[in-house]
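Trainee: Can you join these two chains into the complex? Each is in its own frame, and there are hints to help.
So the chains spell out like this:
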Amino acid sequence: MSTTTALAPDADQRPARAPERHFTKLRRKVTDNLTAYGFLCAALVVFALFSWYPIVRGVLLSFQQVNFVSAAEWVGWDNFETLFADPLFGIAWRNTLLFTGLALVVGFVIPFAVALVLNELRHMKGYFRVVVYLPVMLPPVVVAILWKWFYDPGPGLFNSILRTVGLPPLSWLNSADTSMLSLVLVATWASMGSATLIYLAALQTIPGDLYEAAELDGANLWQRLRHVTIPQTRFVLLIMMLMQIVATMQVFTEPYVMTGGGPEDSTVTVLLLLYRYAFTYNDFGTASAMSLLLFLALGAFSALYLRLTRTKG
Amino acid sequence: MNTPTLRRRSLGLLLVTGLGLTVAACGESTDDGAGEGGKVAITVNGQPPKTQPFERKIFDEDVAEFERTHKNIDIQPREGFMDPKTFSTKLAGGQLEDVYYVFLTDPANLISRKQAADVTDYVKDVPHYDEIQPTLKEIFTRDGKVYGLPTANYSMGLLYNRKLFTEAGLDPDSPPSTWEEVREAAKKITALGNNKIGFAEYSKNNQGGWHYTSWLYSVGGNVAKQDGDKWVADFNNDKGKQVAQYLHDMRWADNTMGSKQLLVIEDVQRMMGAGQLGMYLAAPDNVPALVNQFKGDYANYGLAPMPGGNGTLIGGEGYMLNPKATPEKIKAGLQWISWKYLNPDRMESDLKRYADQKQPIGLPASPPAGASDIWTGPLREQQATLKTKYATVPVENYQPFVDGLADLDKKIEPPNAQQVYAALDNVMQGVLTNKDANIDDLLAAAETKVNAALAQVK
Chain S
1 MSTTTALAPD ADQRPARAPE RHFTKLRRKV TDNLTAYGFL CAALVVFALF SWYPIVRGVL
61 LSFQQVNFVS AAEWVGWDNF ETLFADPLFG IAWRNTLLFT GLALVVGFVI PFAVALVLNE
121 LRHMKGYFRV VVYLPVMLPP VVVAILWKWF YDPGPGLFNS ILRTVGLPPL SWLNSADTSM
181 LSLVLVATWA SMGSATLIYL AALQTIPGDL YEAAELDGAN LWQRLRHVTI PQTRFVLLIM
241 MLMQIVATMQ VFTEPYVMTG GGPEDSTVTV LLLLYRYAFT YNDFGTASAM SLLLFLALGA
301 FSALYLRLTR TKG
Chain X
1 MNTPTLRRRS LGLLLVTGLG LTVAACGEST DDGAGEGGKV AITVNGQPPK TQPFERKIFD
61 EDVAEFERTH KNIDIQPREG FMDPKTFSTK LAGGQLEDVY YVFLTDPANL ISRKQAADVT
121 DYVKDVPHYD EIQPTLKEIF TRDGKVYGLP TANYSMGLLY NRKLFTEAGL DPDSPPSTWE
181 EVREAAKKIT ALGNNKIGFA EYSKNNQGGW HYTSWLYSVG GNVAKQDGDK WVADFNNDKG
241 KQVAQYLHDM RWADNTMGSK QLLVIEDVQR MMGAGQLGMY LAAPDNVPAL VNQFKGDYAN
301 YGLAPMPGGN GTLIGGEGYM LNPKATPEKI KAGLQWISWK YLNPDRMESD LKRYADQKQP
361 IGLPASPPAG ASDIWTGPLR EQQATLKTKY ATVPVENYQP FVDGLADLDK KIEPPNAQQV
421 YAALDNVMQG VLTNKDANID DLLAAAETKV NAALAQVK
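Residue numbers (the working numbering), protein chains in the order written: chain S, 1 to 313; chain X, 1 to 458.
Hints are supplied without guarantee of correctness; some may be wrong.
Computed from the model, here is a short list of chain S residues facing chain X with C-beta under 10 Å [unchecked claim]:
hint, residue
1, Gln-65
2, Val-66
3, Asn-67
4, Ser-70
5, Thr-82
6, Pro-169
7, Ser-171
8, Leu-173
9, Ser-179
10, Asn-220
11, Gln-223
12, Asp-265
13, Ala-278
14, Phe-279
15, Asn-282
DSBU-like mimics (lysine-lysine), calculated; alpha carbons at most 35 Å apart, straight line [as the list claims (entries may be wrong)]:
hint, chain 1, residue 1, chain 2, residue 2
16, X, Lys-239, S, Lys-148
17, X, Lys-90, S, Lys-148
18, X, Lys-39, S, Lys-148
19, X, Lys-435, X, Lys-241
20, S, Lys-148, X, Lys-295
21, X, Lys-241, S, Lys-148
Keep in mind the hints are simulated off the structure, nothing from the lab. All residues carry an ideal CB built from backbone N, CA and C; glycine is no exception.
Next up, chain X with everything else stripped away, as it sits in the complex (with noise of 0.2 Å):
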């Protein structure tokens, strides 16, 4: 097999960390902020590639508008969003952003291990802050400390495919509202044959572990809960073993979720995108993906609330500071966030630019940053407003979701959720690929684990 230099291999294993590392610690910056004229310089990522023309020069557009009324700061933006492989080493040499983006997976984390800048004294200026959702404001928050503002949430609903639910005799403006409806319409949608798969799931990279976290929500239960102090696994349970098993019977005794497993999102998405799915988990902004690259059709999804009315999984992004910037970075740096993300101002203007390029307007989604779901109140109804009047896609297919989010718990992601989800794969792909599985034997195991990593939660 392999034959490569045996020294070289061996030795090269101890590289893992500190090679990465010891690079980035070569480029460390020293820079104050101080920029020409006593300007405040910030660097700022969430820029998007070349390759998305349409967002990039929207976000260009945005900072030099950003610096024309703002003379004081000067914004140089950086292309990326947040990647674990490389946030660590970009730290450690000084090069992480100075306004860094994040997924709402992300802050426990951070805040733990103090990698984000306390932003308390400072948000208090941040206009509206009151009128974000509480739910997401918590995510930031620890101790009463504020460490970073949420600026999109998602809630994860079912995502159908419209045209297969015509053609296999189910009502598209109906959809499914609990999970046996979910089984019946996915062996209705299998029977049309021609190799169609009625509801297909992920299983693989933690994201198995991520929608058996979003069923779990679904039928009332959780995936860990505060012992006191600590934390600790709450799935193996019936609610645990009612979903691992309504998993293993579509999989096995429905054959409603296809042979081939150990999925993963972008697999669901070509699958749906072809016309070959009929429905899957996904929060709504899968919808401009599907159509985007995978050359679908707005008309032909359509978007429900989760099925099982109890709970739904809600994740989304935001921004945080670098732990190392100065206070005057800080401050410019929030006001780039309020500015950009969560400024009502620019509510219509944001989304009139949008819908005046034909982009996806009305889907319960953002981008634009103006359509995203974080207000309450005034502000909510106002969004909802302007959102049906500059509307580009049907939004008759996405307001049942719409309608039924209400009624739904809204649950955020479980402490130390990547080493929570890596276990719960597991359990995903225990029933999917296992005829035979024993259920509470991959409860069981996947308790351990579960638990083994919250006992590292700080």
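Just chain S, same shape as in the assembly (with noise of 0.2 Å):
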């Protein structure tokens, strides 16, 4: 009793001042939250306006025939039909899977060699970042037609060198078997100084004394590299190569500067074929098909590298 007696006072208090301090936190949290929704406001308004509505229009679009200016017109899956009795459509995808899977083996080693290279230098080392990433500055179109140069089977740089050093031309973009592999050499050389400086980044995280030990028990720089440095590095190898295959399904501008499709279809991909429906032959509703199929495709990629970075984390 005299507990609860003694207690009593600060029990009578308490429900005068909780109401008091609730009510303090509530309207912080309110003022707080209201703050940032407030500057959450415009962006959620720009991204409505600008993602969320035109990707929900584009799912619509798909399933419509619309010439903007009448009703658009329901026609269930026909934009779907027209496409895959489109014979381009399935070679714009062996085409892009093509370069995605060149891009792997080109665009995917060579970045993680040169940051190798990189990072084992002792001098210079700014200088030969820069030079690696410079490229990357460069304006894609300018590289596009940079490189139409470099290639031109005539007096292109690459067949002069090529003649220089007694061997035969190559034909480049002006062959079906040629064309894509050139195309990924531009894509490589245009975008590998982000990819180079991300792979140096992870690298300069290994610990030194790693290779020491290593290197105390004999091991060679070839095993050194397989067993320390790819093990230290695999999660920023994965998600380099997950973001890798998303964004190189996407490629569109060196096939359109480059070569346009050509020779025989050998480098129409995908989005290509999806600019020609849309911009080309007007057809939105088959491009939207197109675009919702690929939005499917990489969207599972999407999501492999959202679970992927969330179990990291």
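Mentor: Spelled out as structure tokens, the structure:
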């Protein structure tokens, strides 16, 4: 009882102070969140107007025939049927996957190798990093036009070099056999700077004592790479690979500017075909159907990416 | 390689069409055309850019003159011509001009998609409508209804470098009239050495298909034919093979087409302007482009009719009206088109003002509008006389083209032309980039694609 009596005054006072504190906290929360939502508001409106609404509209367009004069006509799966009846649709996917595959082989290995070399440099590190990163600063169309000259089968740079060293010239973009690889080289050169810097940052987080221990164990260069470097950077490598798959499946600028999809459809990619449907044939329904399919395919990779990053987090 | 923000890129894919249309929709116009004092205000495109000061000045003067003589119409000019990349967006957003420019490739699809106004009830008031070439009017007509007016026309021919012809021992006044003669001339020009190329051809961005169609017409072939209610491909035959074989032989057996392929019109014009190229297929309007953009000389070029002697592809331009335009705007729009582009009363003054400014007169092409090859009968004869009177270029260089044109079958472009040309690009690319190209396979593959494109024709 005495305890109860002793606590009574506190107990009496508690209900009186608690609402006040609760109200203050609530007011602070509301104020803080209002400010946050206020700052978010502009971004939300922009996202809603320029991203989410067009995405929804794009999905709807996939099932419609539109002429922008009269009301849109619902056509069910007709746009998808048009796509599947187009022989170029399969060719475009095959080419896109080929580009992605080649980009993984060429564009994934080279930046990592360059990062390894840069990481080993003791002198002029900054200079070489700038040199590697410089192409990223060039506008993509400028890069494409520059490389068109490199690839010129007559007086082009590459064939001039080949002739100088006594080798036969190549057709580069002018042959269906070499055109896709030629585009991959352009894309790799133009964008490897960013990837190289990310790999370099990952390499510099590897503790030096791991290499020292490996050397003490008699590991050669290849063994150190295989058992220390790659395991230590495997998460970055995996993420970069996924991002590269998503990015390269959207290849457009290089085939658009350099080959127009030729020769013989060897460089028609999904995005190039989509562009043709939308902006050459003015068939926005079929173009939207195609973008929806690509969206779903890339969505799968994006989901994997998110899952991996969350797991790591 | 690329390291973009993943989600932004993947979501962005779905924006390709939706975004432009959404933004455009924000600016939808509700203008009923009623201007100040009961005037009808119409927007018209086709105004030359400021980078072409002479043409711009002419256009603006015409607008002022038209408004002076048509007090009830207010012309609001806009720069630009037909751009398929922005056409639908402008239409969706209510920003498409009331009177808009089209290439002759466009009307078939625009009519199918109901993106042009039906002007049948008003076209009877257009002066001299009956004297326009029927083939051209047909392009703007579907099921007896009229959807626009042609204002210029060109026919494909053989453009050649007279200087190189002379250097190669060829007679520049007697250009090749058969494909065999073209081959022989190309060999002699290539033999001059110093990177001279006898003959060049486009093969990219649908331009290869466009020119393959011209070749086909020249040998009496077709790209497509009607089979009942449907259109089907009509080039996987002897004619189609003949053309592909000619091109393949010129490229690989004769080696007269250079090693660099996947060319487009600008590449070929650059070669011609630089004096490196002997011949290519072109419409007469290429000549001013060679002179103005590539520092060429009118005296160095000649134009011959399409070799082969059977037919030629015609193209050109015209104007259609916004499907949302009111009847008042349609009437005003047709008045503007007929006054500005189809006006025999202004033919002489139009040619004279160009001649006074040393602009090219005497080419079988427009501008000026007064020189457009669209008339028949007496108007055509009147135009020919005036063009000779005010000629500022060596007319005799282009006379073989004019003389030969009358004997050729003038054919229009196939339906769904851009999709058909995209498929035919491949045939051109195949024979020009692959020495071992299998022509039968190329034509069969293109036929499948063209049939898929033609199946969508409504």
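Trainee: Each of the hints needs a verdict: does it hold here or not?
Mentor: We went through each hint and held it up to the structure:
{"no.": "1", "hint": "Gln-65", "verdict": "9 Å, holds"}
{"no.": "2", "hint": "Val-66", "verdict": "8 Å, holds"}
{"no.": "3", "hint": "Asn-67", "verdict": "4 Å, holds"}
{"no.": "4", "hint": "Ser-70", "verdict": "7 Å, holds"}
{"no.": "5", "hint": "Thr-82", "verdict": "7 Å, holds"}
{"no.": "6", "hint": "Pro-169", "verdict": "8 Å, holds"}
{"no.": "7", "hint": "Ser-171", "verdict": "7 Å, holds"}
{"no.": "8", "hint": "Leu-173", "verdict": "6 Å, holds"}
{"no.": "9", "hint": "Ser-179", "verdict": "9 Å, holds"}
{"no.": "10", "hint": "Asn-220", "verdict": "30 Å, violated"}
{"no.": "11", "hint": "Gln-223", "verdict": "28 Å, violated"}
{"no.": "12", "hint": "Asp-265", "verdict": "6 Å, holds"}
{"no.": "13", "hint": "Ala-278", "verdict": "6 Å, holds"}
{"no.": "14", "hint": "Phe-279", "verdict": "4 Å, holds"}
{"no.": "15", "hint": "Asn-282", "verdict": "5 Å, holds"}
{"no.": "16", "hint": "X/Lys-239 x S/Lys-148", "verdict": "34 Å, holds"}
{"no.": "17", "hint": "X/Lys-90 x S/Lys-148", "verdict": "33 Å, holds"}
{"no.": "18", "hint": "X/Lys-39 x S/Lys-148", "verdict": "54 Å, violated"}
{"no.": "19", "hint": "X/Lys-435 x X/Lys-241", "verdict": "15 Å, holds"}
{"no.": "20", "hint": "S/Lys-148 x X/Lys-295", "verdict": "24 Å, holds"}
{"no.": "21", "hint": "X/Lys-241 x S/Lys-148", "verdict": "31 Å, holds"}
When the structure is compared with the earlier hints, violations turn up for hints 10, 11 and 18 and for no others.
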